[in-house]
Every structure is written in C-alpha cells, then in structure tokens.
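Novice: Here's the letter readout for the chains.
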Amino acid sequence: MKKFTSVITTAGTAALLAAGMSFSGAAAAQQNDGLSESAKEGKELAFGRSGGNCLACHQIVGGNLAGNIGPALIAMKARYPDREELTGVLRDPRDKFGAQTIMPPFGAHKILTEDEIEKIVDYLYTL
Amino acid sequence: MKRLISSMIAASVLATGGAMAEPANPSDPEEFRQLMVDFYAERYPDVPFENYNLGVYAIDDDARSQWEGQMIFPATDEFVAKGETLWNEYRLPNGKPLSSCLGEAKGLRARYPYVNEKDGEVHSLGLDIINCQKNAGEDADKVWDPKNNYKKLANVLAYLASESAGMTNQVQADSEAAKKAYNRGKEAWFRRTGRLDNSCADCHQYHGGKYARAEHLHMNLGNTTHFPAFRYSKGSMFTLHKRMYGCVRDTGTIPPAQYSDYLRDLEYFMSYNDNGLELNGPNIRK
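So the protein lines, in turn, are chains A and B. At position 28 of the first sequence (counting the first as 1) the number is 28 in our numbering, and the numbers step up by one without a gap. Add 127 to a position in the second sequence, counting from 1, and you land on the number used in our numbering.
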C-alpha cells in the first residue's frame, strides 16, 4: 500500500511539474527542437523586450502575455510566400502598410541589423 | 508635416466612421475636442464620458477593482500631507509664502493650465511654482525644479491637486494665443518621432485600450485629471511632466525637457480635451 501511495505521489509530482513547465520557458525551450540556429536566435529577438520585441504587439505561439495591437503571427509562410516581402515589412513597414502604420521601421531606423532581421524571418517562417 | 496631415486625415476618417471625408482638422479647440470625445464614444459606446478620468480602469473591470482596493487607504495621502506642510511652512527669500504669488491653495490647480495672452505661453502649475521661487531670488539649488528638488515639487503638486479634487476640469481657450497653443499641442500629439516612429496618437488614440504585452494603452481622454499620480509599479509620485517625458523617451525620442514649451503645449492640448471631467488627483496608477 505504501508503495502504491508513493507511486501516486511520484506520478502526481511529475504531472505537476509537467503542468508547471507549460507555464514556464521550459515548454518554449522544447518547441525550439527542430529550429535552425538562426531561427532560434530570431526567436530570442522576437520574444526579448529590447531588439525585436514582437510580442509587445503580436501574439506568437509559445509567447506569454502578448499584446494585441498587431495581428497574430501565424501561418507566416502561407501569408508571405515571397520571403523578400516579409523581410521588407520588418525593414520598413511603411512601404507596405502606408505611413500610418504603428509598426516601427526596424531596418530603416536601425533598431535591428539586416542580419537580425533575416534571423527573425527565419523564425517567423517556422510559425 | 505631410505625415501629420495624413494623421489628421486618419483621425477624421475614424471619427466619421470610416467614410472617406475631407480631412477634418478644425483649428477651433472646442470643435476638435468634440472629435476626440466622439472618437472614443464610438469605440467604447458603453463607457460613460465621466469615467474617462479613471484611465484604463474605465475599460478593465479587474484592474478597476484592484484600484478601488488601493484607494481605500491611498498611498497618495502621505505625499499630500508632506506637500501641505511644505506649502504652509516654506517661505520665499522675501519671507512670504508661495500663496503670495500663486494665490490660495483651494481651487488653484483647477485654474491650470492656462495661456497668458501677454507672453502667449502655456502656464503649467509646476512651472509657475518654480518661476515664483526663481523670481523671488531663491538659490538655484533650492528651487523645486525637476532636477534638484523633484520630490518637493511632486508633493506640493499632490497637495494642490487634492485641494481641487472634485472640481470640474474647465480649461479656457478663448484668446487667439490660447487657440495657437492648442494647435501647437495638437501638432505635438500627432507628430511621429524617434526610433519607433510613433506619435502620441498612434498608441493612445488609434490603439488606445489595446494591450502592449500585458498592459493596456491609455486612451486619449483623461490623461491629465489625475496627476500627480502615485505609480505603484515604481513606488513613487509622478508629475504629469515626468510621465510625458518618460513616455516620449520610451519611443526612442530624445525627449524635450520637463516644462519645456513643447511639453507644456502638449499638456494644454490634453488638458483642454479633458474638459468636463472631474479632477481626481492625486490618484494611483500602475
């Protein structure tokens, strides 16, 4: 009986840990499996508060407490089959969305380097 | 400038419900204020106008109930008490109290900001206190400017706000100088600046009420009535000018100094738009 209880406790602890992990960065880390090195770096930039900070305005799978100013970043490859078009949006969104867009011109205003933009696009294409 | 005008066009398009119209940019402050009010009446038809002085608590019930709890024994009381002592005990170099050049505390805040027709400038209560001390020959390091004695300035402003709490915000803009100041402030509101290329209107008008990460963006009404505000995320009292300075800085813009012409014009524009709301400072915000 004692053994049975300990099995339950162990299972419970494991379940709790698993549940806890889905709220922490651990789950996000697991999702990194299969990402290229470049896409991983792009994700860090997209989730970080300095640099890309995409989560401030866009919902991204695996990102907590995302803003809702811009559209959710899903199915990016289907929405932007032309990679250059997506890269262009990050460089200067005013070209595609007009001068009224609230999205900052990450390339034109040197918030991100060309290399960083390419890495973020690598990551966005995995969404 | 081209961008500013197109901002205005966007404002008018949104204000008229999406119908493409001539850019509505009335230079008359009252007409433009009405556009600003209509803009949010349309976005949040269920929020009564008088609730806009609650800021985001007007649209976020959970945050509002937390705020109501904080206001039972408000953290602002301590600052009001310190400010009252300062107001009563401080003497200018000529031996007179601050009321000798500003008038009595009761209702003083409710008369600000205003435009002096003679110099054409926006008078902000904080700057008038500073100028009162400077004109009386106070030592530079004893003047309550934001740099040297910010806490004293914030505390006295908290006390003065409490002495006008419950009064209605009624900023006057009858003179030509006042109309010019309002329109300068309007330009500042719609001007895109800095690294992020954002205007005040981008976040606080077109996207006001939405979330940036976990935080609601404030709307374009009720930006001024509750200052100075105790920000519990920072644990300190914020004057309106400190808040504006920080907000502009966070868009990657080299911010104009507190109480500069630029920020006073912006203060005047926002304050005038808040006409009709109840003054509820000092208050508590995140």
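A hint or two may mislead.
Pair ranges (Cβ atoms, derived) [stated by the list, open to error]:
#	chain 1	residue 1	chain 2	residue 2	range
1	A	E44	B	S226	50 to 58 Å
2	A	K40	B	K306	52 to 60 Å
3	B	E169	A	E84	37 to 45 Å
4	A	A72	B	D165	41 to 49 Å
Rather than coming from a laboratory, the hints here were simulated on the basis of the structure. It should be emphasised that the depicted structure is a prediction, and the values quoted were computed from it without experimental measurement. We put the beta carbon where it would ideally sit given N, CA and C, even for glycine.
Novice: Each hint should be assessed against the structure and marked as holding or not.
Specialist: Results for each hint:
1. Under the hint 50 to 58 Å, the C-beta atoms of A/E44 and B/S226, about 57 Å apart, fit the expected range.
2. Between A/K40 and B/K306 the beta carbons are some 56 Å apart, a value that agrees with the proposed interval 52 to 60 Å.
3. Look at B/E169 against A/E84: about 38 Å separates their beta carbons, and that is inside 37 to 45 Å.
4. At about 30 Å, the beta-carbon gap between A/A72 and B/D165 misses the expected band of 41 to 49 Å.
Hint check: a violation occurs at hint 4 only; the rest are consistent with the structure.
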